[in-house]
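Visitor: The chain contents come next:
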Amino acid sequence: MVQIHTNTDMLINAREEGSAVVAEIVGDIDLHRSPDLRGDIMLVLDGRKPTKLILKCEQVKYMDSSAIAVLVEALQKLRVFKGQLFLTNLQPRVKGLLEIARLESIINLVDTVETALKR
Amino acid sequence: MELPSPLHLSFTSHPQEIAPVRHAIEAFATQARFGDVAVGEIGLCVNEAIANIIRHAYRGQSDRPIELDAGFDPELSRLTIRIRDYGTGIQPGPLPHEKLDPMKPGGLGLICLGRLMDSIRFTPQNPGMLLELEKSL
Numbered sequence: 001m002v003q004i005h006t007n008t009d010m011l012i013n014a015r016e017e018g019s020a021v022v023a024e025i026v027g028d029i030d031l032h033r034s035p036d037l038r039g040d041i042m043l044v045l046d047g048r049k050p051t052k053l054i055l056k057c058e059q060v061k062y063m064d065s066s067a068i069a070v071l072v073e074a075l076q077k078l079r080v081f082k083g084q085l086f087l088t089n090l091q092p093r094v095k096g097l098l099e100i101a102r103l104e105s106i107i108n109l110v111d112t113v114e115t116a117l118k119r
Numbered sequence: 001m002e003l004p005s006p007l008h009l010s011f012t013s014h015p016q017e018i019a020p021v022r023h024a025i026e027a028f029a030t031q032a033r034f035g036d037v038a039v040g041e042i043g044l045c046v047n048e049a050i051a052n053i054i055r056h057a058y059r060g061q062s063d064r065p066i067e068l069d070a071g072f073d074p075e076l077s078r079l080t081i082r083i084r085d086y087g088t089g090i091q092p093g094p095l096p097h098e099k100l101d102p103m104k105p106g107g108l109g110l111i112c113l114g115r116l117m118d119s120i121r122f123t124p125q126n127p128g129m130l131l132e133l134e135k136s137l
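Residue numbers (the numbering used here), protein chains in the order written: chain A, 1 to 119; chain B, 1 to 137.
Accuracy of the hints is not assured; some may be wrong.
As the list claims (entries may be wrong) - A few chain B positions that, by computed beta-carbon distances, are all more than 12 Å from chain A:
no., residue
1, SER5
2, ALA24
3, GLN31
4, ARG64
5, PRO74
6, THR80
7, ARG82
8, ARG84
9, THR88
10, GLY93
11, ILE120
12, ARG121
13, SER136
To be verified - So the derived list for chain A, only partly shown, Cβ under 10 Å to chain B, looks like this:
no., residue
14, ARG33
15, PRO35
16, SER66
17, VAL72
18, ARG93
19, GLY96
20, LEU97
21, ARG102
22, GLU104
23, ILE106
Unchecked claim - Residues of chain B placed beyond 10 Å of chain A at every Cβ, according to the derived structure:
no., residue
24, THR12
25, GLN61
26, LEU76
27, ARG78
28, PRO127
29, GLY128
Keep in mind that the hints were calculated from the coordinates and are not lab data.
No residue lacks a Cβ here, since even glycine has one placed at the ideal position from N, Cα and C.
This is chain A alone, in the form it adopts within the complex:
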């Protein structure tokens, strides 16, 4: 397992696990905090071509449309090299917004990081 440096405390425990990159998002994500999340996600993808980016969202009780835009941008970057985006451990309020945004049709929503790694 190779640890990956991030610049803020929004994305922690970033690491390479085989051909995947795994990290945990911490805290609520709104227009104020989404630029930091974007920066950290782009940082962990920089120079890498993971088959999966797995983001654990257990500590995200809230996200808004600016967070959705960041996730979609990450997916667009991953798709260039046929990578997939996984979100795990989603909180109920977050699931509601993802449903409105129809993200379940383009992003893999699974229960745990372990499940995502096995897919």
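Once you've looked at the hints, dock chain B against the given chain A.
Guide: Just chain B, lined up with the frame of chain A:
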């Protein structure tokens, strides 16, 4: 629990203001006896409305005024939220199609307002815009 007194918040268009305003309106809705899901929906809609003001009405300027008033009518069991800005006053177009392309999430905030509130109304002001949101128990 007593029903909430009318709420008035005056704040600037800085993105860091969004979270405390969202928390305040969620507390107000909780006191008005909305359930957890509805409280989350109301908080999200206020969040998206303010984010749209910052992005579009004020074009990212972080020091412009925004005012929010909330009231609850116990006879009608109805929450009313009014959000006033002094920006461009450009009225949003029609609500984006609800089956939006998930790879192009622009307009998602407006979709949330349309889906999660009972009614939304934009009224141009001079200057700016008044947005009125309503949701019943």
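Visitor: So, for every hint listed, does it hold in this structure?
Guide: Hints and how they fare:
With a closest Cβ-Cβ approach of about 25 Å to chain A, SER5 of chain B is found to remain outside the 12 Å limit, as its non-interface label requires. Chain A leaves ALA24 of chain B outside its interface by the beta-carbon criterion, the shortest separation being 14 Å against a cut-off of 12 Å. In this structure GLN31 of chain B is separated from chain A by more than 12 Å, as the shortest Cβ-Cβ distance comes to about 19 Å. Remark: the non-interface label on ARG64 of chain B is consistent with the geometry, its nearest Cβ contact in chain A lying 15 Å away (cut-off 12 Å).
With a minimum CB-CB distance of about 26 Å to chain A, PRO74 of chain B clears the 12 Å threshold, and the non-interface call stands. At roughly 22 Å from the closest C-beta of chain A, the C-beta of THR80 of chain B stays outside 12 Å, upholding its exclusion from the interface. With a closest Cβ-Cβ approach of about 20 Å to chain A, ARG82 of chain B is found to remain outside the 12 Å limit, as its non-interface label requires. Residue-level check passed: ARG84 of chain B sits 19 Å from the nearest beta carbon of chain A, beyond 12 Å.
With a cut of 12 Å on Cβ distances, THR88 of chain B stays outside the contact zone with chain A, its closest approach being about 18 Å. Against the 12 Å criterion, GLY93 of chain B stays outside the reach of chain A, whose nearest CB is about 16 Å from its own CB. Look at ILE120 of chain B: its CB is around 15 Å from the nearest CB on chain A, clear of 12 Å, so calling it non-interface holds up. Remark: the non-interface label on ARG121 of chain B is consistent with the geometry, its nearest Cβ contact in chain A lying 21 Å away (cut-off 12 Å).
Every CB of chain A lies more than 12 Å from the CB of SER136 of chain B, the least distance being 19 Å, so the non-interface label holds. Checking ARG33 of chain A against chain B: minimum C-beta separation of about 8 Å stays under 10 Å; hint holds. Interface hint at PRO35 of chain A: satisfied, since its Cβ lies 9 Å from the closest Cβ of chain B, which is below the 10 Å cut-off. Taking 10 Å as the C-beta cut-off, the interface hint given for SER66 of chain A holds, the closest approach to chain B being about 7 Å.
Of the supplied interface hints, the one on VAL72 of chain A holds, with its beta-carbon coming within about 6 Å of a beta-carbon of chain B, less than 10 Å. Given hint, ARG93 of chain A at the interface with chain B, holds; its Cβ is 5 Å from that chain's nearest Cβ, closer than 10 Å. Given hint, GLY96 of chain A at the interface with chain B, holds; its Cβ is 7 Å from that chain's nearest Cβ, closer than 10 Å. A distance limit of 10 Å between C-beta atoms decides the matter here; for LEU97 of chain A the minimum to chain B is near 7 Å, and the interface restraint holds.
For ARG102 of chain A, the interface hint holds, since its Cβ comes within 10 Å of a Cβ in chain B; the closest pair sits about 4 Å apart. Given the 10 Å rule on beta carbons, the hint for GLU104 of chain A holds: about 8 Å separates it from the nearest Cβ of chain B. Against a cut-off of 10 Å between C-beta atoms, the interface hint on ILE106 of chain A holds, since the closest Cβ of chain B lies about 5 Å away. Non-interface status of THR12 of chain B relative to chain A is upheld: no Cβ of that chain comes within 10 Å, the nearest being about 12 Å off.
For GLN61 of chain B, the shortest C-beta to C-beta distance to chain A comes to about 13 Å, beyond the 10 Å cut-off, and the non-interface label holds. With a least beta-carbon separation of about 25 Å from chain A, LEU76 of chain B lies farther than 10 Å from that chain, consistent with its non-interface assignment. Listed as a non-interface residue, ARG78 of chain B keeps its Cβ farther than 10 Å from every Cβ of chain A; the least gap is roughly 22 Å. Taking the minimum C-beta to C-beta distance to chain A, about 22 Å, the non-interface status of PRO127 of chain B holds against the 10 Å cut.
Every Cβ of chain A is farther than 10 Å from the Cβ of GLY128 of chain B; the closest lies at roughly 19 Å, confirming the non-interface assignment.
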